[in-house]
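K.L.:
The chain contents come next:
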Amino acid sequence: MSGNRTIRVTGGILLAVAVLALVGPWVSPHDYATTNLDRILASPSLGDLHFFGTDDLGRDLFVRTMLGIRVTLLVAIVASLVSLVIGVAYGAIAGFVGGRIDAAMMRFVDTLYALPFIFFVILLMVAFERNFFLIFVAIGAINWLDMARIVRGQTLSLREQAFVEAARLTGLSMPRIVFRHIAPNLIGIVVVYVTLTIPQAILVESFLSFLGLGVQEPQTSLGALVDAGVKQMERASWALLVPATLLALVLMCFNFLGDGLRDFFDARHSS
Amino acid sequence: MLRYTLLRILGAIPTLLLVIALAFLMVHAAPGGPFDAERVLPAAVEANIAEAYNLDDPLPKQFLHYLGGLVRGDLGPSYRYRDHTVGELIGNALPYSLKLGAMAMALALLIGVAAGTVAALRQGTALDKVVMGFSMTGISIPVFVIAPVLVLFFAVKWQWFPAGWSSTNGVGRYVLPVITLALPQIAYIARLTRASMIDVLGRDFIRTARAQGLGTATVVRVHALKPAMLPVLSYMGPAIAAILTGSVVVEEIFGIPGVGQFFVRGALNRDYTLVLGIVVFYASLIVSLNLIVDILYGAIDPRVRYR
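Taken in order, these protein sequences are the chains called Z and Y. Its first residue numbered 1106, the first sequence is counted upward by one per residue in my numbering. Its first residue numbered 20, the second sequence is counted upward by one per residue in my numbering.
No lab work stands behind these hints, which were simulated from the structure alone. As the structure is a prediction and not an experimental result, all values here were calculated from the model. Ideal Cβ placement from N, Cα and C applies to all residues, glycine included. Be a bit skeptical, because a hint or two may be false.
Unchecked claim - What the simulated footprint calls covered on chain Z by chain Y, stretch by stretch (three residues with Cβ under 8 Å from a Cβ of chain Y suffice, anywhere in the stretch; the number is not a length):
#1 1158-1168
#2 1172-1180
#3 1277-1285
#4 1299-1311
Said to hold, decoys possible - 25 Å max Cα-Cα, derived SDA-like pairs, lysine to any residue:
#5 Y/Lys-80 <-> Z/Phe-1225
#6 Y/Lys-118 <-> Y/Val-137
#7 Z/Lys-1336 <-> Y/Phe-172
#8 Y/Lys-176 <-> Z/Gly-1158
#9 Z/Lys-1336 <-> Y/Lys-148
#10 Y/Lys-176 <-> Z/Gln-1337
#11 Y/Lys-148 <-> Z/Asn-1109
#12 Z/Lys-1336 <-> Y/Ile-68
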């Protein structure tokens, strides 16, 4: 598959999933929290509009799955923005200042690379009450290392180029050079790495929710739905297979999209 | 080499201290104490509990106390499993986790390297594309999705392998957990091997070897494999971390009484000392294994030693 087609296909699938998640619950007559004990673990059917069946409390799984996608995507995007801000600021400063400070800052990143971050996030979830905000920040705070490295490398090479030299000669201040002249040239690479950070954030969030440490009932996410599905899988395999397939699909699309974008920008740089 | 090894070991100590301090601080920065949630206790009883667990000391003193215990291999008492120390709990559970992790790692290396090498040799063919497609899928699907789906089909529907962890199931009980843990790593290692093998096969010394009339199998085995394994070796650190993370899920799903299961139980029960102890244990394990990988890297690739 050529780079461009990969981007279009995976981007299209992700867009379709996102639109479905936004519009789906609005179209369905059911809502995500109403239990119906007469219809426990009903199999998927078009007749009563339970497209994905119901769960062990009789709640409609179609609406819950759509809600789960929303929550998963929201957490992933906000967490990625958190890691974007930390990573770009850290990397740009290290790269632009250079010298000893740069070396020390990068040594610190190397040290952090060796740590099992996911366990720290779990520790954080245990120590503090589980809340949405903490999940965003915690997941964002562990995924900025790659971004910092990439941005630093890029800044380092940009810093030496003639247009930056020219900007410096005209007497511009350092923040102005960084924001007006260097930052715009980082956008391509940053977009690629945000796309690759999103699936990592999804993975962490769904891992936490799967263990019961993330999003709490009656709210849900794809990870929490997989967890619920595991408990019912012998009687209701769809409760596991639907959210599991969607989670895998979303993760795969983001990974392919990131790869495709990287090839696209690489090709542009080398030509 | 000795200098390099010593420097690496010295470098790992601050990392380890940083990890322990970070984990310790996180637990102790939590609002409320570990015994708050249960019921209101008389002030005297609370003071006694606080004293018994050293919770009334200033934080730096508590940290030094904890570090002192760690040096002697003492991770403190568990807050929930009252009759056991954290060290005992980890010690009893560790053999299961080690066995599982080692088997998964061995399987991942074996299949990953083989698949990556084959894909590199058949670069651009349908076989290459199948291997790479499979590997991208393997990277994208999380362990907690692979495990229940494998159980659903291979244990519940077709009943080829057992899903439970009773000893009556014999060796068969290892099959699904090990495959689950190994799959994502197979995918990663296959990708890494393919990329670096393609790179190595394009070098001059390979052309020389071929020019001498050596067959492809010999060229790969004798000349290309070792240099091509360097990126895979440096991936071992993250791989070990990933297998540890995955084992938490796998042990939970398959009911294996390993360290990961205690970790989840501890996290859900808010057993602070147990969770802290396991995080410190995991982190030390990862830091030491990374250290070993670093030293091995230096032993295999002399260029690294003189940087």
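K.L.:
Going through the earlier hints one by one, which of them does the structure break, listed in rising order?
P.N.:
1, 2, 3, 6, 9 and 12
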